[in-house]
Amino acid sequence: MKLSEIAQFLSCRLVGSDCDISGINTLEEAKEGELTFLTNPRYQKFIETTKASAILIDKIPERSNKTFLLSDNPYLALAKLAAKLFKIERPSFKNHAAYTGEDCTIADSVDIYPTVYIGSRVNIGSNTVLYPGVVIDDGVEIGDDCVIYPNVSIMRQCRIDNRVIIHAGTVIGSDGYGYALDKAGNHIKIPQIGIVKIESDVEIGSNVSIDRAAFGQTLIGRGTKIDNLVQIAHNVKMGEKCLIISQVGISGSSTLGNNVILAGQVGVAGHIRIDSNVQIGAKSGIHKSLKAGQYSGVPTMNHKDWLKLQAAKKKLPSLLERMKLLEEELLEIKGKTV
Amino acid sequence: MKLSEIAQFLSCRLVGSDCDISGINTLEEAKEGELTFLTNPRYQKFIETTKASAILIDKIPERSNKTFLLSDNPYLALAKLAAKLFKIERPSFKNHAAYTGEDCTIADSVDIYPTVYIGSRVNIGSNTVLYPGVVIDDGVEIGDDCVIYPNVSIMRQCRIDNRVIIHAGTVIGSDGYGYALDKAGNHIKIPQIGIVKIESDVEIGSNVSIDRAAFGQTLIGRGTKIDNLVQIAHNVKMGEKCLIISQVGISGSSTLGNNVILAGQVGVAGHIRIDSNVQIGAKSGIHKSLKAGQYSGVPTMNHKDWLKLQAAKKKLPSLLERMKLLEEELLEIKGKTV
Amino acid sequence: MKLSEIAQFLSCRLVGSDCDISGINTLEEAKEGELTFLTNPRYQKFIETTKASAILIDKIPERSNKTFLLSDNPYLALAKLAAKLFKIERPSFKNHAAYTGEDCTIADSVDIYPTVYIGSRVNIGSNTVLYPGVVIDDGVEIGDDCVIYPNVSIMRQCRIDNRVIIHAGTVIGSDGYGYALDKAGNHIKIPQIGIVKIESDVEIGSNVSIDRAAFGQTLIGRGTKIDNLVQIAHNVKMGEKCLIISQVGISGSSTLGNNVILAGQVGVAGHIRIDSNVQIGAKSGIHKSLKAGQYSGVPTMNHKDWLKLQAAKKKLPSLLERMKLLEEELLEIKGKTV
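Residue numbers (the numbering used here), protein chains in the order written: chain L, 1 to 338; chain Y, 1 to 338; chain W, 1 to 338.
Source of the hints: derived by calculation from the structure; they are not laboratory data. Quick caveat, the model's predicted, so the values are computed rather than measured. Each hint should be verified, as a subset may be incorrect.
[As the list claims (entries may be wrong)] Restricting the straight-line Cα-Cα distance to at most 30 Å, the calculated cross-link-like pairs of lysine-lysine (DSS-like) are: (1) Y/Lys189 - W/Lys2; (2) W/Lys308 - Y/Lys304; (3) L/Lys2 - W/Lys183; (4) L/Lys66 - L/Lys45; (5) Y/Lys313 - Y/Lys288; (6) L/Lys80 - L/Lys94; (7) L/Lys80 - W/Lys237.
[Stated by the list, open to error] Here are the in silico distance ranges between beta carbons for each label pair: (8) L/Lys94 - Y/Asp145: 35 to 45 Å; (9) W/Ala292 - L/Ser126: 49 to 59 Å; (10) L/Gln310 - W/Ser92: 55 to 65 Å; (11) W/Glu32 - Y/Ser126: 34 to 44 Å; (12) W/Asp103 - L/Asp18: 29 to 39 Å.
Quick reminder that beta carbons are idealized off the backbone N, C-alpha and C, glycines included.
Whenever a hint applies, use it, and build me the whole structure from the sequences.
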């Protein structure tokens with residue numbers, strides 16, 4: 001594709017000379033003929049040394065002889081361009097399931113790879129793809145245009161809306177962790193009879209666990225994006241457009257509003273409420289309900305307070321020495337003033 | 001089912017009028033005709049607003065016109081009732097395995113879904129269920145009344161007793177992480193030739209990893225319950241009735257007594273001993289052996305000390321300011337007293 | 001095998017009397033007739049009470065009547081011996097795949113268990129083993145002598161060199177977590193069109209997630225060993241002989257040098273550089289680039305400083321009391337000196 005055609009497709013301004021573009025790559029790894037992008041100022045230093053033939057950028061650096069595509073939102077432009085250039089070519093399998101149960105309604109346009117298992121009373125909408133090793137248990141409903149990657153397990157009755165992507169090894173609808181203690185000190189299982197409901201435009205990473213509700217439903221709201229190895233316990237309700245980064249764990253019955261961001265390895269206690277627009281720093285531990293704002297730490301505090309605390313913590317060993325000195329001096333003064 | 005019949009089944013007192021009960025649900029999500037429950041005082045506020053027709057509870061609030069089922073242990077009553085009302089209906093598959101090796105002993109009552117793989121010299125007891133995609137490697141022994149959910153892998157020679165539940169995507173008996181360093185700085189693999197032994201009444205969540213012993217066995221004691229995404233390294237010995245919450249990691253050769261509780265995202269160092277009845281707060285890091293008691297923090301300390309430390313930590317930035325002031329004042333005083 | 005033959009095989013000195021050796025086991029679990037080993041001084045106390053018939057060790061304790069095999073590097077000797085004694089006997093399956101696509105090149109010596117799925121344009125080298133439930137997507141290349149355990153998913157175009165071991169449930173090449181925000185506040189997926197490249201002699205634990213690059217490749221360097229439940233995000237570049245312990249998470253585009261050690265549950269922020277020979281303590285959070293050295297804490301600091309800080313932290317509650325006392329005394333003195 002010509003660079004000028006790309007500029008036209010993205011409604012970007014081309015600054016420099018036209019050329020053929022063979023692919024997209026990072027500033028450091030791009031070869032001649034490839035288009036690259038600057039979406040993180042950290043990589044500014046590679047602009048002059050990149051071998052790429054053109055750079056998608058939002059502001060052209062002074063005194064550069066490079067060729068640029070100028071865009072208000074280079075990252076969004078990149079998403080558009082990559083989606084246009086790289087279509088994954090998949091074979092068309094139709095229903096090659098190893099087993100399909102009774103009373104299923106599966107659209108003709110669904111692709112079902114070999115070694116897939118489909119139980120009874122399953123509904124699957126148009127253009128959905130089930131990769132090999134996927135297990136769809138009885139009574140599951142999946143909407144249109146979903147992609148379910150290899151070895152995903154979706155347990156009985158769970159409901160998945162449209163354009164949902166679930167990556168390999170993820171489990172939807174395993175039993176929640178609920179036990180009642182009897183007098184003998186044994187843990188008696190609470191049957192987990194609810195479901196998981198996943199709304200449209202959700203993407204879920206690989207090896208994620210989302211437990212079914214004890215009663216009612218565990219809910220993942222529209223447009224929320226969940227990274228790999230995340231734990232979502234029973235009866236969690238998550239709002240729309242949340243970003244849940246890798247290895248986060250959310251305990252039972254907690255509620256998240258919309259646009260909540262939990263950075264990597266955050267832990268959320270059970271039965272708490274996190275309001276819309278809360279943002280939590282990596283590795284934080286949330287033990288109580290939070291209003292909109294930024295928080296960090298274990299337990300979480302206001303993010304600015306946490307930054308101050310980090311600075312103060314470093315001074316703690318020297319503080320101890322200063323304290324000792326002060327106490328000695330005071331003792332000396334008290335000797336003099338008595 | 002009539003509410004009065006439920007009361008009789010649970011040996012509970014019915015306070016209010018009889019009605020038909022169509023299901024069980026949470027206080028917030030219950031509809032008319034459903035039974036709900038109060039097992040966490042946090043939800044007391046929903047008692048008057050719930051749409052449920054009756055509430056399972058241990059103490060009837062004053063001045064309420066609601067209908068109640070009164071129980072000493074509502075959570076245990078709930079477990080009993082749910083187990084009675086909701087039997088999962090599964091098709092009966094008998095042995096539909098994609099492959100079964102030689103010299104296996106599999107009870108007639110075992111349900112084996114399609115796409116299951118069973119190796120050679122495998123023994124499986126009565127009424128056990130293997131869901132689709134389960135892989136049972138050579139020489140594995142599984143007892144009676146177990147449920148092995150989809151895409152679980154149980155590696156060679158591992159032994160599983162009776163009434164064990166293993167949720168989807170979990171791996172039992174992957175190799176432990178053991179390497180010897182040679183003179184050239186290469187890590188030479190220690191063959192992991194032990195097994196995993198799982199005793200009766202254990203439940204294991206989804207996407208859990210339990211490594212086989214280097215030599216001897218990794219042991220999960222009777223009645224222990226393990227949540228999702230937990231890591232249990234080689235040669236760990238875990239006692240009875242432990243509760244291991246999601247995303248906990250236990251390093252190699254560490255030993256847990258009975259009734260140990262590890263809250264979410266706790267990490268346990270290798271080669272240490274955690275005595276019976278130890279309870280650890282979420283996100284803690286245990287780096288040395290612990291006697292019975294409650295602990296928190298990284299590294300763990302007595303839980304009460306940790307609470308004090310959290311309170312003190314918040315005062316650290318102001319402490320620094322107070323210190324500076326004190327030093328200035330002292331300097332001033334020293335000037336005067338000299 | 002005779003103990004004297006083992007001594008000869010390992011070039012070790014036998015101190016004590018010869019006997020028949022039936023197996024290898026730990027000091028605590030070994031039975032008569034078994035060989036045991038001391039590779040961690042913590043277990044020294046079990047030397048006199050072990051039932052093992054001989055002990056592999058690097059220094060013979062004074063006044064012991066036990067039988068020893070003396071070795072400079074007992075752990076390495078153990079690796080050698082175990083590898084000689086315990087060959088896992090597997091059936092030979094040749095290509096029993098449930099499905100194999102077009103234009104594949106698969107060596108005759110490859111073992112492919114039943115229920116494996118292999119896409120199109122896949123290359124697999126000599127002696128590689130694919131366990132049941134493995135999914136190999138289109139265009140994947142796997143070298144010689146690899147072992148891919150059950151229910152592993154390797155997504156399109158990923159490349160795996162020789163002697164790579166991947167344990168059950170692991171996912172190679174799931175999509176990286178990348179979204180551009182549009183004006184309406186929706187997260188638009190950046191198509192992840194790069195690959196994962198895994199060099200020779202890498203071992204990867206169970207239930208690990210390694211994301212494909214957005215563009216270019218995610219790279220795991222030669223001889224690196226990755227434990228269970230680890231998250232490796234898109235475009236991470238990892239050097240040679242790194243040790244990545246369980247439940248570590250490494251964010252996008254970060255780079256590790258050679259011989260980096262990340263202990264359990266460490267988190268690494270995105271877009272940073274960790275130099276060769278960096279060692280990080282368990283549960284640490286790395287938020288900026290690091291030079292060779294040892295670090296701990298959230299955020300990480302020099303490990304020695306972190307140890308000092310831990311000691312100081314414990315004194316913080318008493319420090320507050322001392323501060324209060326000091327302020328009162330100073331107030332009293334000021335009263336006197338005025």
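Hints versus structure:
| no. | hint | in the structure |
| --- | --- | --- |
| 1 | Y/Lys189 - W/Lys2 | 24 Å, holds |
| 2 | W/Lys308 - Y/Lys304 | 22 Å, holds |
| 3 | L/Lys2 - W/Lys183 | 28 Å, holds |
| 4 | L/Lys66 - L/Lys45 | 13 Å, holds |
| 5 | Y/Lys313 - Y/Lys288 | 24 Å, holds |
| 6 | L/Lys80 - L/Lys94 | 29 Å, holds |
| 7 | L/Lys80 - W/Lys237 | 26 Å, holds |
| 8 | L/Lys94 - Y/Asp145: 35 to 45 Å | 39 Å, holds |
| 9 | W/Ala292 - L/Ser126: 49 to 59 Å | 55 Å, holds |
| 10 | L/Gln310 - W/Ser92: 55 to 65 Å | 58 Å, holds |
| 11 | W/Glu32 - Y/Ser126: 34 to 44 Å | 36 Å, holds |
| 12 | W/Asp103 - L/Asp18: 29 to 39 Å | 36 Å, holds |
In this structure, none of the earlier numbered hints is contradicted; all agree with it.
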